[in-house]
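**Q** Residues per chain are reported as follows:
Protein chains: 2
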Amino acid sequence: MLFHFRNIFPQLNPYWDKYLPFQKRLEIPPKTILLDEGKVSENYFFIEKGCVRLYFNNNGSDNTVQFFFENEGLTSLDSFLNNTPSAFSIETIEPSVIYQLPKKHVNKLMEELNNEPGFTKMMMQVMSTRQTHYINEFVSIIRDTPEQRYQNLLNNKPHIIQRVPQHYIASYLGVSTVHLSRIKSKLAKGKLHF
Amino acid sequence: MLFHFRNIFPQLNPYWDKYLPFQKRLEIPPKTILLDEGKVSENYFFIEKGCVRLYFNNNGSDNTVQFFFENEGLTSLDSFLNNTPSAFSIETIEPSVIYQLPKKHVNKLMEELNNEPGFTKMMMQVMSTRQTHYINEFVSIIRDTPEQRYQNLLNNKPHIIQRVPQHYIASYLGVSTVHLSRIKSKLAKGKLHF
DNA sequence: TTGGGACGATAACATATGTTATCAAGTTCA
DNA sequence: TGAACTTGATAACATATGTTATCGTCCCAA
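Protein sequences, first through last, are from chains V and U.
Using the UniProt record's numbering, read the first sequence as starting at 1 and increasing by one per residue.
Using the UniProt record's numbering, read the second sequence as starting at 1 and increasing by one per residue.
There could be a bad hint or two in this list.
One copy or two, it doesn't matter: identical chains are merged, so the pair holds either way.
Stated by the list, open to error - Below are the SDA-like pairs computed for lysine to any residue, each with C-alpha atoms no more than 25 Å apart in a straight line: (1) Lys157 <-> Pro85; (2) Lys103 <-> Thr84; (3) Lys31 <-> Val139; (4) Lys104 <-> Met124; (5) Lys108 <-> Pro14; (6) Lys186 <-> Asn58; (7) Lys189 <-> Phe119; (8) Lys49 <-> Pro158; (9) Lys186 <-> Val126; (10) Lys184 <-> Leu77; (11) Lys104 <-> Lys121.
Keep in mind the hints are simulated off the structure, nothing from the lab.
Predicted model only: the values in this text are computed from it and were never measured.
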């Protein structure tokens, strides 16, 4: 949400640079938990190398909300802003290199940015982009069948399918691993006709 | 999103009052469309009396995203802010009295508010509340069965069930009217045992 | 006043999806 | 190298949900 916007709003780059030294570099294996559902989000994460997912528990199994890759930043926003227990967990999928910036520094950065003209506009743009993203996911889950959602993923974000183990894809699409296998097999058969 | 906050941030009330004369009062029957999916959202609506729903089309049938009642305001936010085609339609459910404020006035109001200290913070709070709401809906649709979602509605927002025709409830829960009938009948039978 | 439309319940059937179990291939690590 | 784990495919069965059709009630407008 913040370091995303390095180079997108170049006049703000000095601010990002000033805070780089406060980040902690983590080299961590797959399935390392960065934030545990129910805890308050205390850090902002930025991915240098690897791959991470945001997910929530669902009677023992889990559902993935979003995947994150190199040069993307994330946190559990609601928890981070409002100090409420996070509805989501965050964990690595691959061996990863993560930069971790504690909340107190982010807050300080935000205060400094408040004096920068255009900051409100930028924040509204950022928040509105996020909101649009969630709304689209929301609509897609209701409107599209799992098969259509898989096709969308194939068309729009093939790197996710190539890179992420299939059971995480299933948990992202909201179906069982068995059913995702069925979908793939059905699509494969369909293609043979052409 | 705006007039919601009358009296919640009292120091801003003069601003709201200043813009009240620009609103147009509409007295309209049920099923009146206030915004059509695909069009750009040009107005902010405030409900004096009646009931309205935000929904999107889904191969001929439709899904309701949210219901709005007296003293609530709404628009299709993404479309309103970014001048993009709205993903949603808005229509009345009951005979309603609606105040309609054109976008140019809202924009002017926003510019004036920019000079008010605390405005950025308020906007972030507003946006983050909205986002939390969508995230919760999103999680609920994935995690909860339609039956659980109906129970949640009964427990948390019984006024909706009392007031809104059942087929809209079904379209909100994301099930067919037939299945919602099944759910109700099942719950009714369950209750007889006690 | 009446006839059509809106609303809701229910049955019968079709389809989508979950669950459990089994098998196979690839990877990791002691 | 071999055991344990991860990943993925598939079959068989169970359950959830959609679709279509029918019926009854209520209400409003011609």
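**Q** Each hint should be assessed against the structure and marked as holding or not.
**A** Checked hints:
1. Lys157 <-> Pro85: between (31 Å within a copy, 23 Å between copies)
2. Lys103 <-> Thr84: Classified as within; 13 Å inside a copy, 34 Å across copies.
3. Lys31 <-> Val139: So Lys31 and Val139 pass the 25 Å test across copies only (22 Å; inside, 30 Å).
4. Lys104 <-> Met124: Both: 22 Å inside a copy, 18 Å across copies.
5. Lys108 <-> Pro14: Within. Shortest intra-copy distance 14 Å satisfies the 25 Å Cα cut-off; inter-copy 32 Å does not.
6. Lys186 <-> Asn58: So Lys186 and Asn58 pass the 25 Å test across copies only (24 Å; inside, 27 Å).
7. Lys189 <-> Phe119: neither (52 Å within a copy, 57 Å between copies)
8. Lys49 <-> Pro158: within (19 Å within a copy, 48 Å between copies)
9. Lys186 <-> Val126: neither (39 Å within a copy, 45 Å between copies)
10. Lys184 <-> Leu77: For Lys184 and Leu77, neither the intra-copy (34 Å) nor the inter-copy (36 Å) Cα distance is at most 25 Å.
11. Lys104 <-> Lys121: Both: 23 Å inside a chain and 17 Å across chains, each within 25 Å.
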